[in-house]
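K.L.:
For reference, the chains in residue letters:
There are 2 protein chains.
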Amino acid sequence: MPIQGRFRDDVEGWTELREEYVPGLRDLDGFSHAILIYHFHRSDAEHLEARPFLEQETHGIFAIRSPHRPNHLGFSIVKIQRIEGNRLYFTEVDMLDGTPVLDIKPYVEYFDRRDDVKSGWVDKLFTEGQIPEETIIG
Amino acid sequence: MPIQGRFRDDVEGWTELREEYVPGLRDLDGFSHAILIYHFHRSDAEHLEARPFLEQETHGIFAIRSPHRPNHLGFSIVKIQRIEGNRLYFTEVDMLDGTPVLDIKPYVEYFDRRDDVKSGWVDKLFTEGQIPEETIIG
Numbered sequence: 001m002p003i004q005g006r007f008r009d010d011v012e013g014w015t016e017l018r019e020e021y022v023p024g025l026r027d028l029d030g031f032s033h034a035i036l037i038y039h040f041h042r043s044d045a046e047h048l049e050a051r052p053f054l055e056q057e058t059h060g061i062f063a064i065r066s067p068h069r070p071n072h073l074g075f076s077i078v079k080i081q082r083i084e085g086n087r088l089y090f091t092e093v094d095m096l097d098g099t100p101v102l103d104i105k106p107y108v109e110y111f112d113r114r115d116d117v118k119s120g121w122v123d124k125l126f127t128e129g130q131i132p133e134e135t136i137i138g
Numbered sequence: 001m002p003i004q005g006r007f008r009d010d011v012e013g014w015t016e017l018r019e020e021y022v023p024g025l026r027d028l029d030g031f032s033h034a035i036l037i038y039h040f041h042r043s044d045a046e047h048l049e050a051r052p053f054l055e056q057e058t059h060g061i062f063a064i065r066s067p068h069r070p071n072h073l074g075f076s077i078v079k080i081q082r083i084e085g086n087r088l089y090f091t092e093v094d095m096l097d098g099t100p101v102l103d104i105k106p107y108v109e110y111f112d113r114r115d116d117v118k119s120g121w122v123d124k125l126f127t128e129g130q131i132p133e134e135t136i137i138g
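Taken in sequence, the protein lines are chains Z and B. Quick note, in this note's numbering, the first sequence goes up one by one and the last residue is 138. Quick note, in this note's numbering, the second sequence goes up one by one and the last residue is 138.
If we strip away everything but chain Z, and leave its shape as in the complex, we get (with noise of 0.2 angstroms):
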């Protein structure tokens, strides 16, 4: 699992809806990247303050992206491959096995990419556009 799935466009995921829920995929195939929200299934622990990877200084849980949060609720951007029945195929996968997924939304570029963005404490790690090495560890 790379930290963040953009960083790794070679593995190939998908999530599986309930043969209920398929109607609601219709047309988000026209879309490149779609939003998933999903549950942190694997963390029970909660850390108000923590210190994430790539960082030596601890920060507030809500200026990072750790899922030992209140709500354990997570979030990632994939880029869709495929939607096949009841299976959105994706790369830029940076999900466990398993994971519940909760909603999944399409990316809209004039509402979710944003101009002008400050990154916190993330913006000294990606100096220069360069993308640290550590951050692939899939």
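Quick caveat, the hints were computed from the structure, so don't treat them as lab data. Just so we're clear, the structure is a prediction, and the values are computed from it rather than from any experiment. Wrong hints could be hidden among the right ones.
Each pair may be met inside one copy or between any two copies, as identical chains are not told apart.
[To be verified] Taking lysine to any residue and the SDA-like style, the derived pairs with C-alpha atoms no more than 25 angstroms apart in a straight line are:
| hint | residue 1 | residue 2 |
| --- | --- | --- |
| 1 | K118 | V22 |
| 2 | K124 | D27 |
| 3 | K118 | G13 |
| 4 | K118 | Y21 |
| 5 | K118 | Y89 |
| 6 | K124 | R114 |
| 7 | K124 | P67 |
| 8 | K118 | D103 |
| 9 | K118 | R82 |
| 10 | K124 | P52 |
| 11 | K118 | I37 |
| 12 | K118 | F75 |
| 13 | K118 | E57 |
| 14 | K124 | Q81 |
| 15 | K118 | T58 |
Following the hints, complete the assembly by docking chain B onto the known chain Z.
P.N.:
Just chain B now, kept in the frame of chain Z:
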């Protein structure tokens, strides 16, 4: 309430945390944007296919951002203005007053700002970078 907060930057909102969660906000103020995950508490309907605002056709619920979805989870990107005590103040609001917020995450340019995005049925509404007049209803 604008349909999508991005197109209305003169409205400020805030979300209030229980005192016990305030340490979790530390260093979020270094980020320009936050991701809010919340409960669409005013919807008790579930429509697997629906016609969104601005659109003539119906689409599957996982290809639109309607509140009338399984699990009723909402997702917005907001622009951080400041943090004071247990309150996060932001603009680019598109939530109803009283919305229960379930999680706050930092918006990270390197994970969340995607290139080469296709936005399905939405693309035709934003031809040549124009914002549809009807987007702003607030």
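K.L.:
Among all the numbered hints in the text so far, which are the ones the structure does not match?
P.N.:
Every hint satisfied by this model.
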